[in-house]
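There are 2 protein chains.
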Amino acid sequence: MTATRRRGDRSRRSRDRGVKVIQKLERRIPYYDLFEEDGLDLIELHADRILAEVGIEIWGDEVTIELFRDAGATVDGQRLRFDPGLVTDIVKRTTPGQFVQHSRDPERSVTIGGDHTVFAPGYGMPFVRDLDRGRRYGTMADLEDLVKINHTLEWTHHSGLVICEPTDVAVNKRHLDMLALHFRHSTKPPLGAITAPERALDSIEMARIVFGAEHLDDHCVIMANINVNSPLVYDGAVTKVIRHYAAAGQGMVICPFILGGAMGPVTPAGAVAQAHAEAMVGVALTQLVRPGAPAIYGNFLTTMSLRSGAPTFGTPEAGLAYFAVGQLARRLGIPLRCGGSFTSSKLPDAQAASESATSLSTAMMSGANFVLHAAGWLEGGLVMDYEKLVLDNDRLGMTHVLLRGMALDENAFAMDGFHEVGPGSHFLGSAHTLANYEHAYYEATFGDAVSWEQWHEEGEMDARQRANADWKARLANHESPPMAAGVDEALTEFVDRRKASMEDAWY
Amino acid sequence: MTATRRRGDRSRRSRDRGVKVIQKLERRIPYYDLFEEDGLDLIELHADRILAEVGIEIWGDEVTIELFRDAGATVDGQRLRFDPGLVTDIVKRTTPGQFVQHSRDPERSVTIGGDHTVFAPGYGMPFVRDLDRGRRYGTMADLEDLVKINHTLEWTHHSGLVICEPTDVAVNKRHLDMLALHFRHSTKPPLGAITAPERALDSIEMARIVFGAEHLDDHCVIMANINVNSPLVYDGAVTKVIRHYAAAGQGMVICPFILGGAMGPVTPAGAVAQAHAEAMVGVALTQLVRPGAPAIYGNFLTTMSLRSGAPTFGTPEAGLAYFAVGQLARRLGIPLRCGGSFTSSKLPDAQAASESATSLSTAMMSGANFVLHAAGWLEGGLVMDYEKLVLDNDRLGMTHVLLRGMALDENAFAMDGFHEVGPGSHFLGSAHTLANYEHAYYEATFGDAVSWEQWHEEGEMDARQRANADWKARLANHESPPMAAGVDEALTEFVDRRKASMEDAWY
Numbered sequence: 015m016t017a018t019r020r021r022g023d024r025s026r027r028s029r030d031r032g033v034k035v036i037q038k039l040e041r042r043i044p045y046y047d048l049f050e051e052d053g054l055d056l057i058e059l060h061a062d063r064i065l066a067e068v069g070i071e072i073w074g075d076e077v078t079i080e081l082f083r084d085a086g087a088t089v090d091g092q093r094l095r096f097d098p099g100l101v102t103d104i105v106k107r108t109t110p111g112q113f114v115q116h117s118r119d120p121e122r123s124v125t126i127g128g129d130h131t132v133f134a135p136g137y138g139m140p141f142v143r144d145l146d147r148g149r150r151y152g153t154m155a156d157l158e159d160l161v162k163i164n165h166t167l168e169w170t171h172h173s174g175l176v177i178c179e180p181t182d183v184a185v186n187k188r189h190l191d192m193l194a195l196h197f198r199h200s201t202k203p204p205l206g207a208i209t210a211p212e213r214a215l216d217s218i219e220m221a222r223i224v225f226g227a228e229h230l231d232d233h234c235v236i237m238a239n240i241n242v243n244s245p246l247v248y249d250g251a252v253t254k255v256i257r258h259y260a261a262a263g264q265g266m267v268i269c270p271f272i273l274g275g276a277m278g279p280v281t282p283a284g285a286v287a288q289a290h291a292e293a294m295v296g297v298a299l300t301q302l303v304r305p306g307a308p309a310i311y312g313n314f315l316t317t318m319s320l321r322s323g324a325p326t327f328g329t330p331e332a333g334l335a336y337f338a339v340g341q342l343a344r345r346l347g348i349p350l351r352c353g354g355s356f357t358s359s360k361l362p363d364a365q366a367a368s369e370s371a372t373s374l375s376t377a378m379m380s381g382a383n384f385v386l387h388a389a390g391w392l393e394g395g396l397v398m399d400y401e402k403l404v405l406d407n408d409r410l411g412m413t414h415v416l417l418r419g420m421a422l423d424e425n426a427f428a429m430d431g432f433h434e435v436g437p438g439s440h441f442l443g444s445a446h447t448l449a450n451y452e453h454a455y456y457e458a459t460f461g462d463a464v465s466w467e468q469w470h471e472e473g474e475m476d477a478r479q480r481a482n483a484d485w486k487a488r489l490a491n492h493e494s495p496p497m498a499a500g501v502d503e504a505l506t507e508f509v510d511r512r513k514a515s516m517e518d519a520w521y
Numbered sequence: 015m016t017a018t019r020r021r022g023d024r025s026r027r028s029r030d031r032g033v034k035v036i037q038k039l040e041r042r043i044p045y046y047d048l049f050e051e052d053g054l055d056l057i058e059l060h061a062d063r064i065l066a067e068v069g070i071e072i073w074g075d076e077v078t079i080e081l082f083r084d085a086g087a088t089v090d091g092q093r094l095r096f097d098p099g100l101v102t103d104i105v106k107r108t109t110p111g112q113f114v115q116h117s118r119d120p121e122r123s124v125t126i127g128g129d130h131t132v133f134a135p136g137y138g139m140p141f142v143r144d145l146d147r148g149r150r151y152g153t154m155a156d157l158e159d160l161v162k163i164n165h166t167l168e169w170t171h172h173s174g175l176v177i178c179e180p181t182d183v184a185v186n187k188r189h190l191d192m193l194a195l196h197f198r199h200s201t202k203p204p205l206g207a208i209t210a211p212e213r214a215l216d217s218i219e220m221a222r223i224v225f226g227a228e229h230l231d232d233h234c235v236i237m238a239n240i241n242v243n244s245p246l247v248y249d250g251a252v253t254k255v256i257r258h259y260a261a262a263g264q265g266m267v268i269c270p271f272i273l274g275g276a277m278g279p280v281t282p283a284g285a286v287a288q289a290h291a292e293a294m295v296g297v298a299l300t301q302l303v304r305p306g307a308p309a310i311y312g313n314f315l316t317t318m319s320l321r322s323g324a325p326t327f328g329t330p331e332a333g334l335a336y337f338a339v340g341q342l343a344r345r346l347g348i349p350l351r352c353g354g355s356f357t358s359s360k361l362p363d364a365q366a367a368s369e370s371a372t373s374l375s376t377a378m379m380s381g382a383n384f385v386l387h388a389a390g391w392l393e394g395g396l397v398m399d400y401e402k403l404v405l406d407n408d409r410l411g412m413t414h415v416l417l418r419g420m421a422l423d424e425n426a427f428a429m430d431g432f433h434e435v436g437p438g439s440h441f442l443g444s445a446h447t448l449a450n451y452e453h454a455y456y457e458a459t460f461g462d463a464v465s466w467e468q469w470h471e472e473g474e475m476d477a478r479q480r481a482n483a484d485w486k487a488r489l490a491n492h493e494s495p496p497m498a499a500g501v502d503e504a505l506t507e508f509v510d511r512r513k514a515s516m517e518d519a520w521y
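Here the protein sequences line up with chains X and B, keeping their order. Residue numbers in the first sequence follow our numbering, run continuously in steps of one, and reach 521 at the last position. Residue numbers in the second sequence follow our numbering, run continuously in steps of one, and reach 521 at the last position.
Watch out, some of these pointers could steer you wrong.
Label-pair distances were calculated between CB atoms; the ranges are [stated by the list, open to error]:
no., chain 1, residue 1, chain 2, residue 2, range
1, B, R150, X, H440, 29 to 35 angstroms
2, X, R321, B, A445, 33 to 39 angstroms
3, X, H440, B, E424, 58 to 64 angstroms
Chain X stretches covered by chain B per the calculated footprint, using a threshold of three residues with CB under 8 angstroms from any CB of chain B [what the hints assert, rightly or not]:
no., segment
4, 239-250
5, 266-279
6, 310-319
7, 363-377
8, 463-472
These are computed hints drawn from the structure, not numbers from a lab. This structure is a prediction, so every number in the text was calculated from the model and none was measured. Just so you know, even glycine gets a beta-carbon here, dropped at the ideal spot from N, CA and C.
With the rest of the complex left out, here is chain X:
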């Protein structure tokens, strides 16, 4: 029994005007293989060498250390070393190849893994920017707007969590308000909090309120993303978060966070081997806590500017790393988080679009299954940009079409069309064109292709200006999907009670 059917949301779908049902993305084109098997063997060998010779440290979580000791790790204080193959075996033994994160609207449940890809908006930005109000700290009001806009996007599947940091609410309380916002204003599945173990528990509890405790126990309804303290460290706060979500059977994204030259070597092969080692340890922990718990092999690996030391995005070295990481995830047979619409640009300009398009397309060729930061990311992750959120959505739409592939059937080859039109004429009004044109091409929202004269008369708007009008229309048209009786009140009661139990903390 799903939460949605139980609560009867589907009958209200027709009221959900202005919001198209999102299209699922199931890949029908091949992956891109950068390396042959021997190249992948070499990367795995070096990941194993890192785990055996250097090891991983777990800081301040004896439970996790004991779990790994029991599984065969050699423990030396907080340093854990693993015989070659040990971690891989744990990961491969029980990690699901794909899983469903359930929504209270079953049409919006997402499958993560296999040939499926799920796009989520940007995450964690302290600042927001839009054309009217400029760059400023994000607030809870911004987050509400962004959750609503994201809910209307045709091509994102997931609601994420921190679409911006709501900096006007205390750090130790904001996860409660954030997650309540997501549940209220979107049926795209959300992420839960990870900034402290008790906030993970709060998130799981709120999911229980929405979905019911029984349903949650054997369905993934919330998911969370942690970053590894690269290089080669898991802080205890992180491992505890992992253990809480895994114990509850909820999804965990394990994401090594490596800027080459800082948290890993400047040479991509070494950084990929390190990322592989780090990700596998985190995934292995989920399986030691609860075999079969949904887990995603994550990757945030990019480069930096040698002039400024700042992270750089959409770079060719990062693209090559994505390709390799995709192959390694497929060898493990588990879902991959990779890529995003990344850029270090301050504005949604040519630099931003070029870096974002490159970053996304390499991630798609690599076979990413879950793409956090798929829309809105600006300024190296410091800024969520309202215009870029909808601009990126359009590129995600094109990505859906690309991954759907090319039909090679009788209609697609159009022999009747060639016989009808023949040499020197045109296909504009031909029977084949009339029968096919409506669904032939993706019609881009921001791909302005009118004449210069028309564009001039309409005010010479660039993509950013067109996007400004678009998100405003989406926000105006958003309708919050109704919740079942009592759920909203129960969420409010939980949030209020938890907030009342804490003093505000601002760090």
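Position chain B relative to chain X; hints supplied.
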């Protein structure tokens, strides 16, 4: 003996300040295969069906019709039909898998085909645009600036020809001035004229003046690009141009020009089969004229807006077509022209960069060997944009790095670095980083990654504004590579004589 050594240009290389020697692009990463062999068989089968059942028309060139009749075509007036496999056999028998287009500076000679890729600037735009002067008709002064700027670009290898249309010179004379400009101000190899057969002959004659008649006879020193009169027509003016270049042993790019739904079916598979049929017929003609003549299998296949009927670029359907066309070219074993930095945007904005990046990256995955329109293209090919020319150049630089692949050697795996740094520290000052950082990452020209504060203090410039300063600096620093004694005068004499022999024609 090469033209350059004969004329002693190399000794003057050190004077060529401000111009880095361009890096050749030899691919070391695999191609992307969209289809298995059976899918490709099916496309070839339908191309053969088009050639056998519908055929190709040759309008107004009996010599070409006779060449094909002698080769086995069934001729019915201007309509030619070909038994399955006939055209493929002609193409595969003698077309070179790769060839060199020679420059008078041997370091700037380019190899086209195999694992080599050559980038050329945009071609054929009647308008130019820059941030200071806006959008306006192109002139010969613009073309001179653009040839000079392109000569300074680190990542284009080719000079092209009509970087903009010099609309202030008569249509029947401008090819003479254009080609003279290219020879004078750049040693990147140029294209020759194709707008009329006699202009092709003029172009070849000018190349003879620069390289010597004897050298030209057995070296490709000029190349030309023709568009097919799709669907399924070669105008006689085009086939004569093909015959002139092929007879002189010079390179020919044969480019079907298909906007799906107009010059071909709206379904990509049919458009690809059509393009394959059309391209093969043109390449076959070069081989019938002179077996072994250098020829490139070209492709300009894109989509259109169903709202406006205007061509659209960087679309997923076009990307899928690129992948298929790349595989078909590799089956033939001949060089491929494909892709470009295409966009329909009016400005070098987010739309332009997104479409251009997508278009270029799919072409690179497809294995394009010659990329016309690799830089500067705007507004569906109506506008050459000064800023976008240098913005695109930066993306071409990243493409060089991507196609170079990832090293998997001992240094790249950085085991010494992991032992040195260990868990919880960082690689910033490590011995491995210090030994590798200088050449680790491509340093983008326009990839601004400084802090917001620094960017703000420096005037909040977007990518377009930074590009404006860049092309001006390039133009100021350009030095025309010296020509051998007498060549410049001989070119001038030829151009003046030819121009004096004609009345101005403006259409």
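How the hints compare with the structure:
{"no.": "1", "hint": "B/R150 - X/H440: 29 to 35 angstroms", "result": "holds, 32 angstroms"}
{"no.": "2", "hint": "X/R321 - B/A445: 33 to 39 angstroms", "result": "violated, 21 angstroms"}
{"no.": "3", "hint": "X/H440 - B/E424: 58 to 64 angstroms", "result": "holds, 60 angstroms"}
{"no.": "4", "hint": "239-250", "result": "holds (count 4)"}
{"no.": "5", "hint": "266-279", "result": "holds (count 6)"}
{"no.": "6", "hint": "310-319", "result": "holds (count 3)"}
{"no.": "7", "hint": "363-377", "result": "holds (count 12)"}
{"no.": "8", "hint": "463-472", "result": "holds (count 5)"}
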